[in-house]
Amino acid sequence: MWHSLSRIFTMSVLVNLVNTATSCSTVLWRGFHTSPACHRLQKLSRLRVVDNSELGKQAMLEGKPPRIIQVYNKNGIGTTGDIVLCAIKGLKKKGVIVGVKAQQPVLLPRTDSNNVVLIEDNGTPLGTRIVVPVPSCLRTILKKKTHAKGADYTKVLSIATRFV
Amino acid sequence: MRLNKPTPLRPLIHYAELSKLVSRLKIPVHWHVKKLRRGDVPGPEGRLLKLRASVTALFKYERIEMDYYPADEARGYAERLISEAVRNGPQCPETMEMADWWLEEKQLVHKLFKVLVPRYQNYPTSYTNFYRAPFWYFSDGFQPQLNEEYPDKEINETIPAFRTVSYPKGLLELKGNPYPPIFPSKVTNPRSIQNVLLSSAKDFYKSKEGGSERLSNAESGRGIEFVPNEPKSDENLIESSK
Amino acid sequence: MRRLLVHQPPTVNCLWRETTMAALRTRVGCLLQGFFSSSKIPRSSFDIRFDGCVTQVRFKGGPATPRFRHPVWHVRKERAHYPENLTAENKEFIRETISQDFGPPIVAHGVKTYDSPLKNIEKIEPVQWFPGIRRTSTIAKKIGIQPLWLNDGTRVMTTLLQIVDNHVIKYNPPDQVIPLRRRHKVIPKKVLGKFGALIVGAESADPQEFTKNYCGLFRESGLPPKRKLARFLISPEAVLPSGTPLNAMHYRVGDYIDATGFTIQRGFQGVMKRWGFKGQPATHGQTKTHRRPGSIGGGAGHRVWPGKKMPGHMGGRHRTLRALKILRINTEYNVLYVTGQNIPGQINSYIYVHDSLSHHRWVKDAKDAWPLPTYIPTETEVPENLYASDVHPFDAPSITYEIVDTPVVRTGAKIAKAKGSKK
Amino acid sequence: MAFYVSRLSLGLELRRLGCKTMRCSGVDCRSSSSTSTTLAPRSLADDGKTDKLGRREKKNLMMSESVDKPDLNLRFKYPEMFPEPFMIWRNPVKEKLERKDMLARRNCISIPEFYVGSVLRVNLSNIHQPDKVSSFVGICIERKETGLRASITLRNVIDNLGVEIKLELYDPRLLKIEVLRLERRLDPHLRYLRDAPPEYSTFPLDMKPDINRSDEVPLNRIKVKLNPRPWTENWHKIEYKGIDESIDDLITNKWKARRELLRKPWEKYDLMKTYRATLPEEEMEEILTEIKDDVEEHDRKHSRRQS
Amino acid sequence: MPLRQSFHHITRAGRWVFSKPKNEVCSRNFSNSIPVLNSALRRSSLFDAEKEKQRQAVGRIEKIEVDVVSDFGNELLIMNKDLSTPYDCTKHISKFVGQTAVVALVDSNQPWDMHRPLSEACSLQFLKTTDKNPWIPNNVFWRSCSFMLGAVVTEAFRDDISVILHSFPSPNIQSGSFVLDAYIGLESWIPAPEELRQLSKEMIKLSERELPFERLSVTQEVAEEMFSDNPYKINHISKIFGNHNEVVIYRVGNHVDISRGPMMSHTGLIGRCTIASTHYLKEDQLYRFQGVALPKGHKLNHYAYGILEKRAMLLNSHMIPSEASLSYEPTPEYATEAKEVSN
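Residue numbers (our numbering), protein chains in the order written: chain A, 1 to 164; chain B, 1001 to 1242; chain C, 2001 to 2423; chain D, 3001 to 3307; chain E, 4001 to 4343.
Since no wrong hints were added, every one of them can be taken at face value.
Keeping only pairs whose Cα atoms sit at most 20 Å apart, straight-line, the calculated EDC-like set for lysine to aspartate or glutamate is:
{"#": "1", "chain 1": "E", "residue 1": "K4132", "chain 2": "C", "residue 2": "E2089"}
{"#": "2", "chain 1": "B", "residue 1": "K1020", "chain 2": "D", "residue 2": "E3084"}
{"#": "3", "chain 1": "D", "residue 1": "K3268", "chain 2": "D", "residue 2": "E3239"}
{"#": "4", "chain 1": "E", "residue 1": "K4299", "chain 2": "C", "residue 2": "E2089"}
{"#": "5", "chain 1": "A", "residue 1": "K155", "chain 2": "A", "residue 2": "E120"}
{"#": "6", "chain 1": "C", "residue 1": "K2212", "chain 2": "E", "residue 2": "E4194"}
{"#": "7", "chain 1": "E", "residue 1": "K4091", "chain 2": "E", "residue 2": "D4071"}
{"#": "8", "chain 1": "B", "residue 1": "K1020", "chain 2": "D", "residue 2": "E3216"}
{"#": "9", "chain 1": "D", "residue 1": "K3176", "chain 2": "D", "residue 2": "E3113"}
{"#": "10", "chain 1": "E", "residue 1": "K4053", "chain 2": "E", "residue 2": "E4224"}
{"#": "11", "chain 1": "B", "residue 1": "K1020", "chain 2": "D", "residue 2": "E3145"}
It is worth saying that the hints were derived from the structure and are not from the lab.
Just chain A, with the same shape it has in the complex (with noise of 0.2 Å):
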């Protein structure tokens, strides 16, 4: 099964193929499976990094974005504010989903990518700024993950520029 790529990473293929082949639109069939989006975030799905952390950014520009291999609830099946264990760069981190591409109940946003940003494993975020907006019900979601002698997943929401 190949699930489908995420926004950033297929537009930055599509722009690559466009390029190189103008005008001849057979080239932009491709010969494998993509599903229109992948609405469930579960093991081996694909995320995009919206941190400034080097590892992030470095991940991304090599279209080698970062996999879900572990998800920590109870259904295995990720949403916003969910911690996740990705696969990047050939490393183990574990990650903040702060924005999802499924439907999403009223009030809450929904985003045209699957968001994460990187953390280390004591919640201490690896880059100093996320780069796009967030929604501002992480606050309720991370504070409530947030234990005194565990990680603490607030500092996410410190280095959030704008939250919706």
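Take the given structure of chain A and dock chains B, C, D and E to it, following the hints.
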């Protein structure tokens, strides 16, 4: 509740289509759509083509007898076509297009706008009548068509014998047609005995003595019992789950 | 294909009889013709003329569906409708007489209730609550589903149950109550003889619609015949005199109810739809087994155990949904707004509304007791809409949130609490 | 049902289709709703038009003409006031009560006139940001459902990320709805903006209201150029008026051939399908007369408050 | 003819299919050898004797032409003078007409009993209650109901209660009930609902026997002999004979009574019948029995019929004997001539 009804499925639309204006039909419209098959054209297109033949025949002959359920469906389309024509007139291009498509013969379009529209201009009721008709049998002169796939005559005689009796028939007609009516006109006779009795009772109770007697009689409560077979206990009643 | 044999007397002189019989005779002829023509027997030898006619009427029938059959002693409700050839004035006169007999209903069926013309209605006295007392239930109509918002902004879907023109028809004391379905359900002994049966009717109708026998059921109560009747088991202490109207104020906002309805007919369904089985894979060598149940047993028993979930007719059964909270009551239209959008039954079908018997929700204390035996109207006017305390009324201003310090939370964070909408 | 013997003594037993079927649940309740939608008990008691059995007198054709009809164009302004036309789910009492609730909510906040394609700013109270009013600006790409469930979807591109929010119009968390640009588009929904370049759905968060106060709402005939595939939906299957023809370059020949097969040219001739999907004009007028006075009063009240 | 016999045997079951022998007028074979048990049987046997006598008096059979007029066309029948009845004419047309016709109309102006022999060439019409103008058949029906009520009342009471019928007034449908006055030797009898229901039941039973109404026109002596035990009738007979020079008597089953007529064809034409109430008329010391009925084929829902029943419970003050005798002469039934036939 009737049990053989189809299961209600959630419709695809969740809101009324407001951009179109239609007049209310004066016939009962069923919520579910009867599927009809046409051999050569599959799907809803074949359904419409099949109904188109019926609607054209109805406009041409003004009274037709056919299978009950297709006739029931065709009735709705005929009503809608007439109500569109009455509503918009021949100047409206969409209505004209509809009439063009639904009526396969050109002269019927003229008939719709020149004959039927004036006829139904201020009609308070529906434009068609629909009745149940008896089944078709061989004895009524009905000959089923031979099936060309099976040139063997014997098969052709046995198969339709079962098929022809199994579907109910309906009679569909445009109101105001030139034929004699199917039922004698239902004029209630005010001189018939029940009407005479009731109207005299009315006069009696309207008069003073009747009104007063009525009250006194109700109080005395003597006379006939109107309740036969009243059950003794509540066992006759519909059970509740508690 | 079902076959129905109809025996008719032979020759008749009347015109219409004759034509009918002729048609029947020829029908038999043609059927036999069709039947025998496939064999090699010459047709002339089977050219039968019938004197005593036996005809077959064949029709296409669907699969047999379970049906509730009334017992033989059940009062017939529907009457045959035939042309009575009455003039319009006489029909009007009959209608007037009906309204004189029963008093005019205030509004046509559905919305407002029929106003009893009786003078000497027994006055209802309030009854003291005690543990285990049961009061009457009501008949409602499921009229639709709509959302309500709570004060903290969450949306709950509610079902609208309209209590349609309910009146008490009759009371049968405990010794006269005959349990129904004795064969299928064992009635516990503690229930037998403990509860009386109160018969409640909903939606007054024209007596001309029903049979005389059915109208006779309502004679003692002085009410017009009702479209729907139901029997509810109540404690003898909570008895109501016949003719008592029941309305939405029988319940209070915040109470919990059970709703019983007749589930939607779905016809013959497979195990996936009927029981929620998973089915089987679409590929990987499956042959014609994608939606089938799989194994239905085996092992030492070599039998199929009773109660095995199998394909069959789905829907069309009485089912109860328990512990539904009343969030709002519209007193003008007698509508209860009840949590849940899965109350059994189609929209516009009848629902029985009981006080909840759910273990956590039944009334355990006198101070929580509902009005017994029913709501007794007082002088004070009841507002049109009654809301439960946690429901946000539509005419209230929008919800805003404010920070409330909560020292209990370990992280020391502050949580939000809804402001506003508190009148 | 009575059986008749035909006068011509043909032995035909013809059964008249009576109106008895009207009562069973599967039959159009529209024709009966003319009596039952006007169920206001108080007004009924006042005007005295009911007879003693509570039946409402049928209005004459002449009578109804003399009563001034409401402006039918208002129906586009309040689309959620019109119930879903699926007849077995309808109940006149429920629709009436729902409209009452909607009007009560409209009394509290102003829900202005807008269409799919208009740009809105909504202010809402957010439980995650208490003591603050969060606001969102975006183009309305979809307007769904009717009654109290009516919802809209707003879309905007913020920091190069497309963000959408679904709102319920009668949600009490909404504080204010402001129309920044009032216009209509060619299609009933604009979900294809998700697969279009971001400039089609980018609006500054501090956008100023820009409404020309003319009588007619302008129709924006812009054609959107889509990104190359993959898409969130198969936009080529249905002919959207608002999608540019360049979509043909984005799909393969095989898809083009299949698109031809998917067309349903007969659908517009299906008169009964149209009828089942719409409400009859008479019923629209009834609803509009019912809500007209309240709605006008609310409009006046909110405009006064703004000025 | 064994086959034909068995055929008859089978077809007995159908009520409308074949006529039963008891329906035939000529098949009544009341033997004189049966001892006279009560006055009713005595009257009946006298009726038989008188009828046989009149039959013998006809003599040579002559033929008359009868033109039967109907909606479906005219038909010319050759019938026997003074023997053939309109009922016999229906046998040449249709069984259905014979079963449903209430009364015949001779020469478009004179109502004629179905079982009364035709005396001269005439045109004939058969009237039903479902006609366009059912005034004649309705009144005939109403009168016949009163007559049948007399038969029922005579039979219904215990043996120790002597029932003496007084009379019944001319039919008045507008009054809401058909009426019979009788002396039953009781003064304070208020019938219980069950008793009234029993009377209604007897009416229905009588109706189901489908007995014909037989008519005879007799002299004063014969009539007085018949009603020798009924002082009221003796009084009436003399007055009637003084005015009309004949006394018309009718018989249903064993019940014989005076009436001007005409009556309906047979008792089976009653579809629905209720005896609603009895009222004691103090001045006359009579009981007035009242009922309401509908002919077969006229259907009415129970509620509408209930209205009629309730009205029939009230005292019908139409021609109470003591009041009527002041203004009408002599007996009520003879007093009012039939109003214009073509009303």
